[in-house]
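Note that the protein sequences, when read in sequence, are chains W and L. Heads up: the first sequence begins at 1 in the working numbering, then just goes up one per residue. Heads up: the second sequence begins at 1 in the working numbering, then just goes up one per residue.
Just so you know, the hints here were simulated from the structure itself, not pulled from any lab data. Be careful, since some hints might not be right.
Claimed, not checked - Cβ pair distances, simulated, as ranges:
1) L/Leu94 / W/Leu624: 33 to 41 Å
2) W/Ala638 / L/Val30: 13 to 21 Å
3) W/Gly621 / L/Gly104: 48 to 56 Å
4) L/Leu94 / W/Asp363: 32 to 40 Å
These numbers come from a predicted model, not from an experiment. Just so it is clear, CB atoms sit at the ideal spot from N, CA and C, and this is done for glycine as well.
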Amino acid sequence: MAAFLIPLAVLCPLVASIILFTCARHLSTRGVGVVACGGVGLSALCCVILAAWLLARPVTEVLHVDLWTWMRAGGFSAHIAFMLDRISLLMILVVTIVGGLIHIYAMSYMRTDPALARFFACMTLFVAAMLVLVLASDLLCLFIGWEGVGLCSYLLIGFWHDNPANTAAARKAFYLTRIGDVAFLCALLLLATATGSLRIASEVGAAESGQVSHMVVNAATLCMVVAAFAKSAQIPFQAWLPDAMAGPTPTSALIHAATMVTAGVYLLARLHGLFALAPAVQALVAVMGVLTLLMAACTALVQSDLKRILAWSTISQLGYMYLALGCGIWQGALFHLMTHAFFKALLFLAAGSIILRAGHEQDIFRMNGLGRAMPGVTAAFVAGASALAGLPLVGAGFYSKEMILSGLWPARFMLAGHDIPAGPVLWGLGLLGAFLTALYIFRAVFVVFEGDSRTDPTGRTPAGMGIPLACLAVMSVFGGMVEMPDTLAPIHLFTAFLGLSPPQAHEPAWLVLAGALAPLSGLLAAWVLWGRTPRIMREMPGQASIIPLAGSTPRATDALYGLVFVRPLRVLLWFVRHDVAAYCLGRTGRLTRLASDRLELARRGMIGLVAGRTVMLTREGSILLGRMQDGRVRWYAAWIAAGLCAALATMVLP
Amino acid sequence: MPPLPPPPVASQALWAPALSFNESLVLAAVLFCIGLAGVLARRNLMFMLMSLDIMLNAAALVFVAAGARWHDAAGQVMFLMILALAAVETAVGLAIILCLHARGRPTLDGDSNNLLQG
């Protein structure tokens, strides 16, 4: 039965998507919503049944479903095959349940949009592709899902394609993630040539038993890291995610916060056995993760667009996950992935409700004092904010960050034979990140909800949007309590779920205390700066210039991309367009003629004659060759046929 | 060139092909030459496209014939792929003709559209 449910879970959203793409005209607005939510809901039901089935089995049980052989060439074979173990079970539960809630929300949110069917078709297709990504047991099959989610991301960022800025944002996201896709393909080719198969289990097994050379493992993992960084908008690819907020808010919640951007984290966690063999790459992941974490948190601190604050916050939280992966705490990264999916989806959906009620206003400085007008949405947003900040006990983020931070303390890097105890430094930077997180998110909370009411929100938040908000708020508050540090309570449901033994070494109590105090001090600082004295900070001109570096980061990275990628391409294009080669040839010919004329005048001798002949030959030759390029297709075809005949003759005739 | 593997034993074949392998090769070569001559001689873009399709079909015929000779379905699979290729090629060609119309050059003369001349 379980083997039948896995393809069914993928098929339900896929069929819904096909229905919506093909027969949208015959469906009413309500029908479109029912088909989309039904597809994702059925898939969620399948996943819950699968979870009940798998959790009743021993932890090492892995369910393999081989659908068909995709290709077989020489010693290489690729399969369309699914695999359900504890990691993929966690991912499909997160994807379908959070995705289902977002679909229900989107039914109300997008109700008046004329292209509703196209929106839901892309969303359900995304869920299907994401399920393929997390369930695949063959890396090539995983790549299908990887490309599929990228495509849906592109389609949905540019959903309102009447505005050129939106399509530009979509293209930017597509191009930047494409760099990562190429790196992913390089990694696949390396691994395929090294082992002849792309099965995840056999890859990791072959690498661990030493059949794959050290260099191949390093190169392949490095390519994987580039791919994951591009997908997750980490340094140096961070520029696309803030622009991706041009899409509808449910898209930002589902794709650019909860699921797709965490695909890279999933990939690295799935291949953690492979990464353990490449400590240098792991160290790189940790360093880039911590850099991204701090840079994105500083940038979020000076943004004034509510959705952009959340986007930079997503980048920053993904930095946490990569920091954990780089130090080998992949279970902590997965735990943070889960809680992050809950609270970031909640924050985005609440932000969507606020923006809708405030009349499509996204600037936080123009929507003061919304707290009294919409208490329910305020409560949801504050629940999400405290979970993101990791306020002790009341936020899911506290427990997952605690798991990462306490794992960071003893971390060491083995680089080129040296044992580098980098743990305390990374721990300190992670703690600084937690402080900044609380600072920027409560800045948004205080500015948006406190103070005098300037805008007059109209209408009510419909139940279709309220219920998903309430569900996600409950998950954000209580979702983290499945795993607690030993100092608080010996609850280790999450590590037990993944089939790992709970950490043996007890972290010192002051580590937990520091992890709890950092967000609290951030909250206090935010209250002092923006909550208590609203006038001073809010009326300050050029608010973004407090941290000049952070304020200019987005522009600086765009300029950097322009310098590194766009400028050389432009130069190349200029060369091609102005036919520089032909120009140089022509110039050379003219120069030769000039020189020969001078020589002729001077000598009227042998040299002049030879030079004259050269000029004539060059000119005649160029005219003859130019005649070949007469722009007539038939002559080109004739040349090709003649060349083919000549090539065949040299091959066939002895 | 490596020697070709022998065809399967005759008793395994359930039917006899209407054309022998050599005959179909000759037919394909004739078709190909007709198509090539059409591409080279006609000036009408539509007829050039049709001639291109004849050439593609000649190549496809070789695949089918080879598949029939060695009793391998791969030849027919290749035929399907060539069919798709031909459809794509025709679509692109027709799109170019439509583009020319949209640009104000409503002509089907392949030789007059020679903006790319050197």
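Tested hints:
Distance hint check: the CB atoms of L/Leu94 and W/Leu624 are about 35 Å apart, consistent with the given range 33 to 41 Å. At about 19 Å, the CB distance of W/Ala638 to L/Val30 agrees with the hint of 13 to 21 Å. Between W/Gly621 and L/Gly104 the CB atoms are about 36 Å apart, so this pair departs from the stated range of 48 to 56 Å. The hinted window of 32 to 40 Å between L/Leu94 and W/Asp363 is violated, with their beta carbons roughly 50 Å apart.
In this structure, the hints that do not hold are numbers 3 and 4, in rising order.
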